[in-house]
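Now for the letters of each chain:
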Amino acid sequence: MLKRKIQELMTEPGCAVNTAKSAGERKKGCGKKLVPGAAAGGCAFDGAKIALQPITDVVHLVHGPIACEGNSWDSRNAWSTGPTLYRLGFTTDMDNLDIIHGGEKKLYKAIRKAIARHSPPAVFVYQTCVGALIGDDVEAVCKAATERMGVPVIPVNAPGFVGSKNLGNRLAGEALFEHVIGTVEPDDVGPTDINILGEYNVCGELDQFRPLLARLGIRLRASITGDARFADVAACHTARVNMVLCSQALVTLARKMKEKYGIPYFEGSFYGISDTSDALRAIAGLLVERGADPTLIDRTEALIAEQEALAWARIEPYKARLKGKRVLLYTGGVKSWSVIQALQEVGMEVVGSSVRKATASDREKALARLGGDEEKLADAIPPREMYKMFAEGRADMMLSGGRSQFIALKARTPWIDINQERHHGYAAYDGMVALVRQIDLSINNPIWNQVRAPAPWDPQ
Amino acid sequence: MALIVDHKKPLSTCPLKVSAPLGAALAFMGMKGCLPMFHGSQGCTAFALVMMVRHFREAIPLQTTAMNEISTILGGMDQVEEGLLNIASRAKPEIIGLISTALTETRGEDMSGELKQIRARNKELNDIAVVDVSAPDFAGSLETGWGKAVAAIIRALAVPTGGLAKLHQVNLLPGCHMTPGDIEALKDIIADFGLDVIVLPDLSDSLDGHVADSYVPTTLGGTPVAKVREMGRSKLTIAIGEHMRVSARTLQEKTGVPFVLFDRVTGLEAVDRLMVCLSTVAEIPVPARQRRARSQLVDAMLDGHFYFGGRSFAIAAEPALLWSMGKLVADMGATIAAAVTTQAVPHLAELPAERVIIGDFEDLEDQILEAGGCDLIIANSNGRQAASRLSTPLYRAGFPVFDRLGPAHEVNAGYRGTRDLITRLGNILMECPNHGPISAEHTHGHTPAAAG
Numbered sequence: 003m004l005k006r007k008i009q010e011l012m013t014e015p016g017c018a019v020n021t022a023k024s025a026g027e028r029k030k031g032c033g034k035k036l037v038p039g040a041a042a043g044g045c046a047f048d049g050a051k052i053a054l055q056p057i058t059d060v061v062h063l064v065h066g067p068i069a070c071e072g073n074s075w076d077s078r079n080a081w082s083t084g085p086t087l088y089r090l091g092f093t094t095d096m097d098n099l100d101i102i103h104g105g106e107k108k109l110y111k112a113i114r115k116a117i118a119r120h121s122p123p124a125v126f127v128y129q130t131c132v133g134a135l136i137g138d139d140v141e142a143v144c145k146a147a148t149e150r151m152g153v154p155v156i157p158v159n160a161p162g163f164v165g166s167k168n169l170g171n172r173l174a175g176e177a178l179f180e181h182v183i184g185t186v187e188p189d190d191v192g193p194t195d196i197n198i199l200g201e202y203n204v205c206g207e208l209d210q211f212r213p214l215l216a217r218l219g220i221r222l223r224a225s226i227t228g229d230a231r232f233a234d235v236a237a238c239h240t241a242r243v244n245m246v247l248c249s250q251a252l253v254t255l256a257r258k259m260k261e262k263y264g265i266p267y268f269e270g271s272f273y274g275i276s277d278t279s280d281a282l283r284a285i286a287g288l289l290v291e292r293g294a295d296p297t298l299i300d301r302t303e304a305l306i307a308e309q310e311a312l313a314w315a316r317i318e319p320y321k322a323r324l325k326g327k328r329v330l331l332y333t334g335g336v337k338s339w340s341v342i343q344a345l346q347e348v349g350m351e352v353v354g355s356s357v358r359k360a361t362a363s364d365r366e367k368a369l370a371r372l373g374g375d376e377e378k379l380a381d382a383i384p385p386r387e388m389y390k391m392f393a394e395g396r397a398d399m400m401l402s403g404g405r406s407q408f409i410a411l412k413a414r415t416p417w418i419d420i421n422q423e424r425h426h427g428y429a430a431y432d433g434m435v436a437l438v439r440q441i442d443l444s445i446n447n448p449i450w451n452q453v454r455a456p457a458p459w460d461p462q
Numbered sequence: 004m005a006l007i008v009d010h011k012k013p014l015s016t017c018p019l020k021v022s023a024p025l026g027a028a029l030a031f032m033g034m035k036g037c038l039p040m041f042h043g044s045q046g047c048t049a050f051a052l053v054m055m056v057r058h059f060r061e062a063i064p065l066q067t068t069a070m071n072e073i074s075t076i077l078g079g080m081d082q083v084e085e086g087l088l089n090i091a092s093r094a095k096p097e098i099i100g101l102i103s104t105a106l107t108e109t110r111g112e113d114m115s116g117e118l119k120q121i122r123a124r125n126k127e128l129n130d131i132a133v134v135d136v137s138a139p140d141f142a143g144s145l146e147t148g149w150g151k152a153v154a155a156i157i158r159a160l161a162v163p164t165g166g167l168a169k170l171h172q173v174n175l176l177p178g179c180h181m182t183p184g185d186i187e188a189l190k191d192i193i194a195d196f197g198l199d200v201i202v203l204p205d206l207s208d209s210l211d212g213h214v215a216d217s218y219v220p221t222t223l224g225g226t227p228v229a230k231v232r233e234m235g236r237s238k239l240t241i242a243i244g245e246h247m248r249v250s251a252r253t254l255q256e257k258t259g260v261p262f263v264l265f266d267r268v269t270g271l272e273a274v275d276r277l278m279v280c281l282s283t284v285a286e287i288p289v290p291a292r293q294r295r296a297r298s299q300l301v302d303a304m305l306d307g308h309f310y311f312g313g314r315s316f317a318i319a320a321e322p323a324l325l326w327s328m329g330k331l332v333a334d335m336g337a338t339i340a341a342a343v344t345t346q347a348v349p350h351l352a353e354l355p356a357e358r359v360i361i362g363d364f365e366d367l368e369d370q371i372l373e374a375g376g377c378d379l380i381i382a383n384s385n386g387r388q389a390a391s392r393l394s395t396p397l398y399r400a401g402f403p404v405f406d407r408l409g410p411a412h413e414v415n416a417g418y419r420g421t422r423d424l425i426t427r428l429g430n431i432l433m434e435c436p437n438h439g440p441i442s443a444e445h446t447h448g449h450t451p452a453a454a455g
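Protein chains in written order, with the numbering used here: chain X, 3 to 462; chain Z, 4 to 455.
Hints are supplied without guarantee of correctness; some may be wrong.
Claimed, not checked - Distance windows between CB atoms, simulated:
| # | chain 1 | residue 1 | chain 2 | residue 2 | range |
| --- | --- | --- | --- | --- | --- |
| 1 | Z | H412 | X | N451 | 17 to 27 Å |
| 2 | Z | R158 | X | A40 | 25 to 35 Å |
| 3 | X | N98 | Z | R295 | 48 to 58 Å |
| 4 | Z | S92 | X | G104 | 35 to 45 Å |
| 5 | X | H425 | Z | N430 | 26 to 36 Å |
| 6 | Z | D216 | X | G349 | 26 to 36 Å |
| 7 | Z | E373 | X | H425 | 30 to 40 Å |
Hints in this document: simulated from the structure, not taken from any laboratory. All C-beta atoms, glycine included, are put in the ideal place defined by N, C-alpha and C.
Using the sequences provided together with the hints, build the complete structure.
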């Protein structure tokens, strides 16, 4: 069952990376083999949890030994504008005896206890490696609990060993499609309802573009799953348009919603000024195609013109301070061209950009932005090489994820986090201004002169 | 006298416990040139690594055998072999810690036996010490894994020294509740007595937060393998924390070096015992510097006791830290309104509290409410939600502390460490004069100093 599902997710026809591959390559699927002793990144369970945890009003219960939840709970930066139940960590904390006797009864009792104490609208139950290995049937326990307790108990079957974090994101999408979406019929369906898939409200980023949508009269029915409420996700099949945010993790969900509910979708991004504008245009265009008031298009253009002008005006004062600074952009590379554009616009030189997870067309766009210099596009830079780049002063700063932060910092090089652990929202127009501001604060901080100077007793 | 209570709850809410493999990995962080590897799925490593990175704000070398569906069914020996060889060629470590997880232990893998075969057929591994540790997530907690790793390192690397003369040297086996700052302070104290010391493991040389001169793919410092082999030439082993007893005994059995186990090294009476011990080994009187430090601690107790007397604390921590903190606040005249820990350890029954609950932060919150509130919570950063719901200040201690700078530099050990701890706790108590009963209407006339 799980195997077939994974195969299907791996060969997703709706995925741009996949469709760009040859037929033979596509057949192999997108699962990269993990190399023992040289692997990095989370497991499928981690990915499933990241994708669903931002549903703020439910209990997220992990069926496994302590590591899975004890080592990770409340560590993700997904914000809520309301309920806080999602920030509590729940686990069955399996011990030796559970492994010998099986953990199904314990899980059932745990679900009952969580419902009794917190009265959530739903419980999400996450399978883990150990639960799967000893054959605990999480789906059956959830089914029984749902029937007897009258609260939806949703199984999320993504044990760690089945694959990477990205696969876990996709399996989370499957759980929503099979057990949640379409289970609530809202009484307030409107012609401009949309969903956004793959947005987790990291550092409150939703509120960097939700107000823009509101000004256009567009209602965000559900973000999947940033700042989400269970009932909204359950009712999101009534939206008119789905937008899939970068990383393509939830593109299978979008395709299935299109097939089952007729909701058209597009892939877009709210990172970068031009990308944000393109995304707003695409939303408006699709809504009008589906019967929304045609003036929406003109109103959207007006809003874009206003917001772009405003953003560039706010960025203007930073130009003098950032001109000529060389930056290394080290992310998955998804849509990195749009961030490159913003950095170049303030006069910074992008000396390198990674394109590990980018599609062929994104790669082309990034390359064009970098003046066709292939050498500036890297798949992965080994840590030692990266440290050398900074030590030799070939880059003035790095934008990357937490994993590489100490390579930059220990080489006494400014660094800011643009990954999921980041502490500032960088979405839409406001977010790009915030990013430029953070770059300025980092690169022009007075510490750099002092920390780089040798001690008085050391030779130059 | 405390009653140790374990409700065996089916549902743990807001866990206090972190996993044993993480504790084992943390111990290997105190070995020089080390790169440990979890034998499990890659998430086991990712979670542990991220947690240590957030606590120490340092790069953490930790790898994974990246178990997948097929190796989970067929067995993971090939994964272990490939992982060891990859680490050997890429990072060239002195030592690799190979740590099992719940996944591979549930399968029943014979990691030790397989490791022997792997070593026999790969001469690339000849110059690298590989220490295997069985530390499944489903048994014990951080302390358990730390203790098992240190005992495994001793079992694998310590050697009897035969006829070689004893050196003017002691061994120090710190528990996992000791910060790099604590270890540094103890090294200074021991040096004051003119003794050399081998610390196992030595986090104060690796995770003390410093900037290395070049890129290092392994630990930045720590105990060299060669030093572990010299531990047999010490006069005495000093172990700190009950969870180090097995390691100290193992070392004694292998090398004949006798050990003394200190239940804590925080608090006047406890540090006095340490001083008498060191003075006896070094065969010199307690140095003037330590006598002065003792006098400063006595003074801090005189100045501070006004603010502790009659106040109540809630503590959630691993057993050794709970013991150390609980005894100190009781020494100062405060009471323990709630005590929560991760596993039943017999000597916790001696803690001056009504009950010690084996549980989680939900238990802590319930206990505090039952007691009608408390003045100060001592716990790791995961206590912040409970503290904010109860509008009670939180003093962060233990692991992980990810929302404060410098948890590695906190010092609670020795006379000075105790003096400074009394000062830090006393200052919070001074700022929050009275907790009063907790009720829905109740609000404080101040902002909790450490909550948030």
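Status of each hint after checking the structure:
Taking the beta carbon of each, H412(Z) and N451(X) are about 25 Å apart, inside 17 to 27 Å as hinted. Range check, R158(Z) to A40(X): Cβ separation about 28 Å, and the 25 to 35 Å hint holds. For the hinted restraint 48 to 58 Å between N98(X) and R295(Z), the CB-CB distance of approximately 51 Å keeps it satisfied. Between S92(Z) and G104(X) the beta carbon distance is about 42 Å. The supplied range of 35 to 45 Å therefore holds.
In this structure the hint that H425(X) and N430(Z) lie 26 to 36 Å apart at CB holds, the actual value being about 28 Å. A beta carbon spacing of about 33 Å between D216(Z) and G349(X) agrees with the range 26 to 36 Å that was offered as a hint. With their beta carbons about 37 Å apart, E373(Z) and H425(X) fall inside the hinted range of 30 to 40 Å.
Hint check: no violations occur; every hint is consistent with the structure.
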